[in-house]
Every structure is written in C-alpha cells, then in structure tokens.
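Novice: Each chain, written out:
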Amino acid sequence: MAQIQPRTSGRKAVRYGIPAAVAGIAAVTVGLVPALASTGSPDLPKISAQELVEKMAASDTQHMSGTVKINSDLGLPEMPGASGGNGKQGGGLFGGGPHGDERDGGERGGDGKKSTAAPEDKLMEMAQGEHTLRIAADGPDKQRVSVVEDTSEYSFIHNGDEVWAYDSRSDSAYHATAPEGTSEKHRERGEKMQKGLQSITPQEAAKQALKAAEDSTSVTVDGTAAVAGRDAYQLLIKPKDAPHSTVDSVRIAVDAKNGTPLKFTLNPKGGGKPVVEAAYTKVDFGKPAADTFRFKPPKGTDVTEQKLDDRKHREHSGKPEKSDKGARPDMSGLDTLGKGWGQVTELKAPKGALGGMPGMNGQDGKGGEAGQSPQADQLLNSFTEEAEGDFGTGRVFSTRLVNALMTDDGTVYVGAVTKEGLIKAANAAAK
Amino acid sequence: MSHADLVGRDGPDGTRTAVPVPASAAQAGRERRRQWPLFRSELLTTFRRWRTLALLGVLAVVPVLVGIAVRIETAGGGSAGGDGGGGPAFISQITNNGLFLVFTSLAATLPFFLPMTVGVIAGDSVAGEANAGTLRYLLVAPAGRTRLLLVKFGSVMVFCLAATLVVAAFALATGALLFPVGEVTLLSGTTVPFSEGLLRALAIALAVAVSLTGLAALGLFISTLTNSGIAAMAATVGLLLMVQIVDTVPQLHAAHPYLFPHYWLSFADLLRDPVYWDELLKNLGLQGLYTAVFGSAAWARFTTRDITA
Chain W
1 MAQIQPRTSG
11 RKAVRYGIPA
21 AVAGIAAVTV
31 GLVPALASTG
41 SPDLPKISAQ
51 ELVEKMAASD
61 TQHMSGTVKI
71 NSDLGLPEMP
81 GASGGNGKQG
91 GGLFGGGPHG
101 DERDGGERGG
111 DGKKSTAAPE
121 DKLMEMAQGE
131 HTLRIAADGP
141 DKQRVSVVED
151 TSEYSFIHNG
161 DEVWAYDSRS
171 DSAYHATAPE
181 GTSEKHRERG
191 EKMQKGLQSI
201 TPQEAAKQAL
211 KAAEDSTSVT
221 VDGTAAVAGR
231 DAYQLLIKPK
241 DAPHSTVDSV
251 RIAVDAKNGT
261 PLKFTLNPKG
271 GGKPVVEAAY
281 TKVDFGKPAA
291 DTFRFKPPKG
301 TDVTEQKLDD
311 RKHREHSGKP
321 EKSDKGARPD
331 MSGLDTLGKG
341 WGQVTELKAP
351 KGALGGMPGM
361 NGQDGKGGEA
371 GQSPQADQLL
381 NSFTEEAEGD
391 FGTGRVFSTR
401 LVNALMTDDG
411 TVYVGAVTKE
421 GLIKAANAAA
431 K
Chain Y
432 MSHADLVGRD
442 GPDGTRTAVP
452 VPASAAQAGR
462 ERRRQWPLFR
472 SELLTTFRRW
482 RTLALLGVLA
492 VVPVLVGIAV
502 RIETAGGGSA
512 GGDGGGGPAF
522 ISQITNNGLF
532 LVFTSLAATL
542 PFFLPMTVGV
552 IAGDSVAGEA
562 NAGTLRYLLV
572 APAGRTRLLL
582 VKFGSVMVFC
592 LAATLVVAAF
602 ALATGALLFP
612 VGEVTLLSGT
622 TVPFSEGLLR
632 ALAIALAVAV
642 SLTGLAALGL
652 FISTLTNSGI
662 AAMAATVGLL
672 LMVQIVDTVP
682 QLHAAHPYLF
692 PHYWLSFADL
702 LRDPVYWDEL
712 LKNLGLQGLY
722 TAVFGSAAWA
732 RFTTRDITA
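As you go down the protein sequences, you meet chains W and Y in turn. Reminder that position 369 of the first sequence reads as 369 in my numbering, one-by-one numbering, no gaps. Quick note: to get my numbering, add 431 to the position in the second sequence (first position is 1).
Pulled out of the complex, with its shape left as it was, chain Y reads as follows (with noise of 0.2 Å):
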C-alpha cells in the first residue's frame, strides 16, 4: 500500500489519524479536496512567519531606493546611469517612463536578492521542520510523503510568485510617484500604450517568478539532504553564488547554458517587438528540467529517508 492511499480523518480528539481507504475514482476527488487545507495550512506557516516577512520587505526596499537614488540623480537635468548606459539594465529609461523601474529593480534583484530569499525558504522548507522536531508530526498526519513534499514545493513557488510581484508592486507605485508614466518605448523603439506596457509589465514578473523553479527547486533537495535548516538554506544560497560566478567566467562558456541562471534576464525579450521566444523558451525549458531533475530527487529521498527528528 503506498501513502497516496492513506486518507487523513480527524479523530474526535482533534488529532488526526491515518486510515486505510481503497482507492476509487470519488476518492480522488475528495482527496484533492483535502489536500487543500495542507497547503492552506502550509503556506499561512510560511507567510506568517516574520523570516519570510522580513525577507519580503527587504525586497520591497530595493525598487523604493533605486527610484529615489535616479530621481536625485536626475533632478539636475541629467540622466541617470551615465551616457554609456552602466548601471542596472534599462535605467537610463526610468526618467522617461515610471514602469521602467519595475524592470530595473527585476533585473537588479534578479541576480541575487530575489533568489536568495527564495533560497532560504526553498531550504528551510524540509530540513527546517526537522530541525524543529516538527517533521515527524507532519508525517503522522495522513497526507502522506510524496504529498507533502508536493505541498512544500507548491508553498515555495508561491513564494516565488510573491517575491517578484512584490519587487513589481513597489517599483510600479514609486515609479509612477516620482516619474512621468504614459506610453512605453519597447526595447526596439516601437511605442506601445501604457494598457499593454503593464500587461507586459506582468509577464515579466511571470517570467521572473518562472526562472526561480529552478533554484527552489534544489533548495527543496537540498532540504531533504539534511536535518539542519541553516545548513540547507547557507547550502542552497552558497551553490547559487558559486553558479552565477561560473556563469561569468568567461573560459567556462561552454557549460554556461547548462547553468540554472545563464537565461535569466531573458524576461527582457518579452520588451521587444515582436517579442523574440529563443532564449524565454530555453529559459523555460532549462527551468523544467532542474525542476524534474532535482524535484524527483528530493521525492526520491525524502520518500525512502528514515526521518528521525
């Protein structure tokens, strides 16, 4: 009997207790009913915990003090990254058009802060509830390994989703403060109305939450390895320092498209007009495959481990 076939019911003590049930077609439906409040459960733990809140207001920082430093810089008439266009990517735009700074705080964000938060809770997100002693109770319930395992990784992609969209949030509303907003100029100079500048605006964030699957990944893998939340976050945020390093050394260029963070700023082909798909696509594609690789291997330890704590 495998542990999909063990179907939680709350005892009348309010413990729950794991009782056997066949496997039938209402049962499936049922069952994904109650997965829910799993991950409902999951993700108000991690949302609710002042780590997480803490990690979020970093990143809300971020595009709040890249929208004042341009404004300062710029109020003299000048523009902002110097004229030969250093500094994060797009940020000779802001002063032009508010959205700009959504995509300057994504891509300055992108290399470092935004995964590592995600690093931190993709790798506490096993080994943290180990080391706290609280794995093995999570386990009595009846949910069941391989769903729970499911269910933490689903609470770290929607952390993800929430990182970026955050960064997004609070560049949208300083930019659109301390900025002029109207028309966009994509990347190839075509102009675009604002509507669509935003809907693109949200793609992207789309795109940027996508490209971290990867790296949560082998955060979730790197959680089932050990029973030491801080030993898998500082493993899954070292790994991740160690790649985009190698990703820039230019005599390792062969293995860079190998490298979970080679197409990340990729999310700037959807500015072009027409957008152009090669290297989003290979973004998705490389993200897939980290995620299958190392998501079926954190299933395939965290189903045969013996768990202790």
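Chain W extracted, bound-state conformation (with noise of 0.2 Å):
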C-alpha cells in the first residue's frame, strides 16, 4: 500500500519550503518593487528653477489623456451627518463662505438628499480621500474627466457647447448648453464650470501654485523623477518669511520633454502625510478617440437640465447654486488681509446668516449657545475652538491647511494660516 505511506519526513520540510518560498518572494517583491520604482530618478541634464518654470508656463499640452490619483488629507473633523458636514468641509476647502455652505447643508438635507449629477456637488466629495481620474482633453473645446468609484463612476463631458455629466450611481445626468449666438459668452462659461474640476488636475494646480509664487517664495529645481513612467524634474516651492503659513512647501514634477505637470504634492507645516497629492499613474500624450467626447443620455435617466445664460431657471430642482459668485449676493465684505502665503480672508456676513451655525446667532451668540443642549455644545466644542482677542471672541475651525475664524459678530477669517496667523490677522482688522 505504497499509496497510504506518507512520503520520508526528510522531504516534508522540503515540500512545505515551497508554499513557504513563494510566498516569500511575493512578499519581497511587493515590498520592494514599489520601492525601486518610486526612487527612480533619472539622469536629466541640469536646469535652473527660471527655465523649468518657462518650461512650463510655454508647455501648450492640447491632447492628452491619463488617469490620475488624487489622495488628500485635509484632516477634516469627522461629523455626524454627513451632509451638513459636507457643506462645511467644501466652505473651508474652496473659498466661499462657510455661512453659504452650511445654509446650503441644511437645505440638502431639507431635500432628502436628492442627488443629482451637478458638477458642484462632486467637487466637495473630492476633499477628502483617495480618487482615481481619468482624464482625456483634446483641444480647448474637448475635456472629459471621470471619477471612477467602487461600481461607479462620475464623468464630465464638456464638448464645444454643450457640458454633460453623468452619475452612473444615481443614473442622473445633468446637462448644460448655451444658446445659438452667445457662444463667445457661452464659453467663459463653460471654461468657469469646468474650472472647478480641472483645478485638480496637477496642470492647474500647479499654475495656481506658481501664481502665488512671488518675491514670498523660493523656487529650486530639486532633482529628478520619474512619474508614470516618464522622465520629470521637480520643482519645488517654499514660502518664504511667512511663519503663520499652514503650508510647507509645494512640489510640482514636470515632464523634461514636454514641461507638462505631471505630480503636484502639497505639503503641511506639521509634517506627515501631504494635505494633497494628485499624480499621473498613466499619461498619454496621443490625441484621444472623438467619441470619448461624446454623450448622449442613456433612456430612462433623469436628466437635470441647465441653461448657462440664465442660471435662475432650472427645470429640475431649485437647488442653490454655489460656484457661481452671483449666487451670494448676501456676501457684503469680501476682503483679503496681508498678502503671499500668509493671505487671509476677511468675509463680513450679514446679520442673521449664520444662524444655522450653532453658537453663532449673530451679536447673542452667548445666550445662544447657553440655550443649546449640552450635546449640541459637545460637538461644537469637538470641531471648533474657542479664540480671544482685539477682535473680541469667536471659534476655530482647524484642518490641516485651511483654518477659519468665525467672530461672534459674524465675521469670519479664513486662510492657509495658523491659528495664531488667522489671531493676529482678526487683531490687525478689528483696529
């Protein structure tokens, strides 16, 4: 019975060894291949920080496609109710008001989360967390982006004068034209809309980024890289003699050849992770199939309809608009404070708009927040801090980058500035 004897035992330990090897090497290949592949830095010949920027400023990239991984960190406090909570994280992120957010929250949710596939919207999702694009642009006229989810996927489709999007999750669609005879219009239009998406390509940001680059800021080519398997300098970008600045430095990679941004990474004064890194994985400079530009409505889809030149009728919901600046007219102050990397935001809100903020009903703010129930003050204490100063009292909402003040008497200071920064700031105005 040859067949029921267990092979010698000297073999055993041979025989399990393999199970044992394999994984193993697996083990050490994917320990070390990711290694090898980002420590890469190729042999480019030298540049000064001068010509890499014109490098740039020059690169005329009009097609391109590519998929690209955006992983940001903002270090957002994390809220129950997610949809109030959202509108606050999209405020501190993008500039606007976080009175209009919050009010805009309370809205949403006041809809019963009604979702559809406005741009908007999907801009606030991608605050926080990794996300995967896919890019295609071909000209001025053609861009496609797509957010590719977990069994979903959100794509912006601009053609020449139409803008589509698409939420493959809610099966919504949104569309945007402009009418015959204003397409000169039309198309500030349509760039403006689609401004919001493109800024998270590394091109754009890396334009905004240079854009702040002045006298305030050291410029150095700072090596090489290879990002997506092409060869790239990195420029990197520091803020200069601005201690209250949030913002450590900002490295851009740009393609050697093409001077194309291809990585732009963000990051904080306190160390750790970047607040934000957005990166080529794959890039194609080829022009890209004219049917990626192409939408047609699948049947059945519910279909939000826009029309660019008169933003105030839409057939679908009244949602409020956001990216538009008109649609604040109830922002009296807007004023900027300082300059350079330590720039602050001074927002004068009207009375009575931020009464959806808890503990910030305008000049009671105190008895206000005496009212509330002691959970109400908990959670208001978990995501803000309470500030003194010249200007009186208020609370700050911290994230890594973004911090904002809020006064009792309803003004509010933003800026990628500490704590201490967005103080002295508040102290200076209120002089």
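Simulated from the structure, these hints should not be mistaken for lab results. Mixed in with the good hints, there may be bad ones.
The calculated DSBU-like cross-link candidates involving lysine-lysine, where the alpha carbons are at most 30 Å apart (straight line), are [said to hold, decoys possible]:
# : chain 1 : residue 1 : chain 2 : residue 2
1 : Y       : K713      : W       : K55
2 : Y       : K713      : W       : K273
3 : W       : K287      : Y       : K713
4 : W       : K142      : W       : K282
5 : Y       : K713      : W       : K269
Taking the hints as your guide, dock the two standalone chains into a single complex.
Specialist: Laid out in structure tokens, this is it:
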C-alpha cells in the first residue's frame, strides 16, 4: 500500500518550503518593487528653476489622456450627519463662505438628499480621501474627466457648446448648453464650469501654485523623478518669511520633454502625509478618440437641465447655486488681509446669515449657546476651538491646511495660516 | 519512484490496482487521458450531491428575489435604491435595463453568498472524504496524491464557475422578464449595443469566478489539515467572514491590498469605457498568489501526511 504511506520526513521540510518560498518571494517583490519604482531618479541635464518655470508656462499640451490618483487628507473633523459636514468641508477648502455652505447643507438635508449629477456637488467629495480620475483632453473645446469609484463612475464631459455630467450611481445626468449666438459668452461660462473639476489636475494645481509665487517664495529645482513612466524634473516651492503659513512646501514634477506637470504634492508644516497629492499614474500625449467626448443621455435617465445664460431657471430642482459668485449676493464684504502665503480672507457676513451655525447667532452668540443642549455644545467643541483677541471672541475651525476664525459678530477669517496667524490678522483688522 | 509514475489499470474484478510503469512520452499522453475519468467522476460526485444542488438553488433564488423586489418597489414609478444610490451596486440602473440585474446580483452575492458556497465545497473536498472514510480508497487507486489534489482543486474551480453562472443566468432571465432590455449604458455614460453588453456580462461572470480561486485554494488547504469535513467548512467560511470584516476596518487599511476579497468588486471596472484594468489585474495577481501559496501548501501537506481514515 505505497499510496497510504506518507513521504519520508526528510522531504517534508522541502515540500513545505515551496509555499513558504512563494509567499516570501511575493512579500519581497511587493515590498521592493514600488520602492524601486518610486526612488528612480532619471539622469537629466541640469536646468535652472527659472528655465523650468518657463518651460512649464510655455507648455501647450493640447491632447492628452491619462489616469490621475488624488490623495487628499485635509484633516477635516468627522462629523455626524455627513450632509451638513460636507457642506462645511467644501466651504473651508474652496474659499467660499462657510456660512453659505452651512445653509446649503441644511437645505440639502431637507431635500431628502436628492442627488443630481451637478458638478459642484462632486467637487465637494473630492476634498477628502483617495480618488482615481481619468482625464482626456483634445484642445480647449473637448475635455472629459471621469471619477472612478467602486462600482460606479462620475463623468464630466465638455464638448464644444455642451457640458454633460453623468453619475452612474444614481443614474442621473446634468446637462448645460448655451443658446445660439452667445457662444463667446458661453465659452467663458463653460470654462468657469469646468474649472472646478479641472483645478484638481496636476496642471491646473501647478499653475495656481506658481501664481502665488512672488517675492515671498523660493523656487528651486530639486532633483528628478520618474512619474507615470516619464522623466520629470522636480520643482520645489517653499514659502519665505511666512511664519504663520500652514504650507511647508509644494513639489511639482514637470515632464522633462514637454513641460507638463505630472505630479503635485502639497506638504503641510505639521509634517506627516501630504495634504494633497495628485499624480498621473498613466499618461499619453496622443490625441484621444473623438468618441470619448460624445455623450447621449441613456434612456430613462433623470436629466437636470441648466441653461448657462440664465442660471436662475432650472427645470429640475431649485438647488442653490454654489459655484457662481452671483449666487452669494448676501456676502457684503470680502477683503483680503496681507499677501503672499500669509494671506487671510475676511468675509463680513450679514446679520442672521450665521443662524444655521450652532452658537453663532449673531450678536447674542453667548445667549444662543447657553440655550443649547449639552450634546450640541459638545459637538461644537469637538470641531471648533474658542479664540480670543482684540476682535472679541470667536471660534476657530481647523483643518490641516485651511483654518477659519468665526468671530461672534459674524466676521469670518479664512486662510492657509495657523490659528495664531488668523488671530493676528483679526486683531489687525479690528483696530 | 514518485506517485506520478504509477498508472492505474483496472483489474479483472473491477478493482483498480497500482502498477509501476516507466514514464515516457507515450505514457504521458495516456496518463492525461486517464486523468479524465477521475476528474469526471469527481465532478459527478460533487454535482450530484444534494448539498451542492441546494447551494446552487439558494444562489439562483437571490437574483429572482432582487428582481421582484425592485419591480415591486418601482411599480409606482419611483427609482430603486433611493435617490442617494443606496443598496447594492447598479441597482438604480435595473429599471432601465434588465441586464443590470446580472451585475447587481453578482455584486450582492459576491461578498458572502458566493464565497460561502465555495468555502463549503472546497472545505469538504478532502476532509469530507477523510470523514466518510473514502479517502484511503481513493488513494488506493493509482492516481497519486498530487493528481488527486489537482482533480479536487479542478472540481472546486468548476463549482466556482458554475455558481457564478447560475447567479448570472437566473439574473439575466429574471431581468429580461421583468424589465426592458436593450442598449446598455456603461458606467462612463457610453452606450453600447445589447450584444456587447452580454459579452461584458459574460466577462464579468468569468472575472467573478476567477476572484474565487484564492478562497478555493485556501479552503482546499484547510481541508487537507483535518479529517472533519464540517470543521474544514466552518474554518474556511469563518476565515472568509473574518477577512471580510478586516477589509472594512479603516484602521487596518495597510493590510487591505493583501486580503483576497479586497479587489473582488473590481469586476465593475469591466463596465467602464475604456475598461480600467489596474484593479482587475491586481485582483488576478492576488488570486494567483493565494492559489500558488495555499495550493502548494495543500500539496505539501497532502503528500506528506498520514492518511488514517
């Protein structure tokens, strides 16, 4: 009965060695390959920072397609009731008044979380976590951005006069067109519309960062890197003489051949993970297929129509406008204090606008707070901090990058500066 | 002499006896042919079991129930899954196209139902024979332990495919009966003809079946460790549940890419235009790795252990 007898024990160890070896090799490969891939710094001719910036500015990449991975960790507090929380996150990040978004959050809640495919809503989600985007562009008239999600996808398609957005999760679409004869005006609008989603591509982000580069900034070339299989120079941008800035450095990898920014990293002063990291994982500078920019709403899809020349008329739902500046007529004073990296934006909100904010009931803030339940108080304390100064008292809402100070008289100071910087700016403004 | 050199020959009384035969090229072909009867009988044993049929029956009921539920819910003209996109993936598209019921059903059964049935079959494959006392008779037949293990793994794989196809087929039938079918809108908003949609559905069924191979190998390995079929099944299914829970704990996200169910839902990437291959390939690699590690571990264990039952 040879079959029933087991193998001799000497061979046993050898046999068990095979799965162990397979697992070991796999572990080593998994551990080493990404490390090797990311440390590769190709040999490129030396280039000065000035030349590199010029190369970037002169870069005129018309056709491209690729995959972008975005990782953002703004350090936003986790809030119960995601709807209102999202509104607030967006407010802090995109420079809008937090009160406006808070109001919006409330309305959205009342709406029964009716989801449409409006691009503005999508932008809010991008503020936190890891996202994969697929991008295709063919000149200024044709762009497509798709947000790849688990088992769903959000597509934003701009083709000539038409802007489409399609959300496969809720099977809803958003459509905006310009009527005949206003194409020039439309273009402007269309560009504004797409700017939101485009500003998260490495190109746009790099442009924005360079715009901020004035005397207050040091720009250097810091070695080379391989991004998405292409050789790239690394541009390092650091704030100078900005003790209160929350930004430690911005790093941009620029394609050595055509000057297209391929990777954008924003590091906070506090150290740790980058606040924002957007990088191409795959990029192709060929012309994308024309089909890429064609969109026909599927049968049975819920389409929200919006006319770009008359934004107040929406066929579908009366959601408040967010991206348009005209939609915030109640914002009386918008001022910037300081400049460069230490810049703080001051918003003077009208009375009552902060009504939705717990503990921020205009002048009688203290009274309002006292009347609240202890839970609400606790919640308020968990995501804001009290602050005092010449401006009176207020509350500081902090993230890893942007901080906001809301004083009890309804003024809001927002900036990429530390809490101390905000208080200083508020003190200076109060004088 | 290795066991592979032993070729079975049916004795005059119908019992199989082991005869050592020198290995040669001509022999190899005959061996391969002789492997088929073993594989076929193994498949027949597996699929004739009431247990297997009951598992497949349960899997078939799921898409029918989902379809009927969506049909009833949307009878008044509403849309399924609420407006926020709750519920299983793709559920809001079912009312527009019945084909999406295939994807919804696979997405709904993939986390637990499908792998649970695979865990039961894989866990039982060797340990069940040991438990019933038939394993040593199988080994008396001159198939060799390695080949017997391969046959066992092959039949578990066939079950993975069969289970997936049962879900897909019943979902397709239900979807076609209850909802309109026609041009398919992919996740990217592109519309493709129904025939391409069907092809993609088939590709998805295959991708789901392949997703289960890692678990099948793991179950087979556990099955070689014990003589109790129930214990092996319970251990496999328990391990599956544990890994699925670990996969949802955000604090352990560093370990997530190495867990076999982590990329399971990547089959949805086949519905994008163009197809997004990154995670599909990662899933394939991960399943291959699990199969290699636990398959060879099962082989090491099975070829060296004492078979007492």
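Novice: It remains to establish, for every hint, whether it holds in the given structure.
Specialist: Outcome of the hint check:
no., hint, verdict
1, Y:K713 / W:K55, "violated, 36 Å"
2, Y:K713 / W:K273, "holds, 25 Å"
3, W:K287 / Y:K713, "holds, 28 Å"
4, W:K142 / W:K282, "holds, 20 Å"
5, Y:K713 / W:K269, "violated, 35 Å"
The earlier numbered hints that this structure contradicts are 1 and 5.
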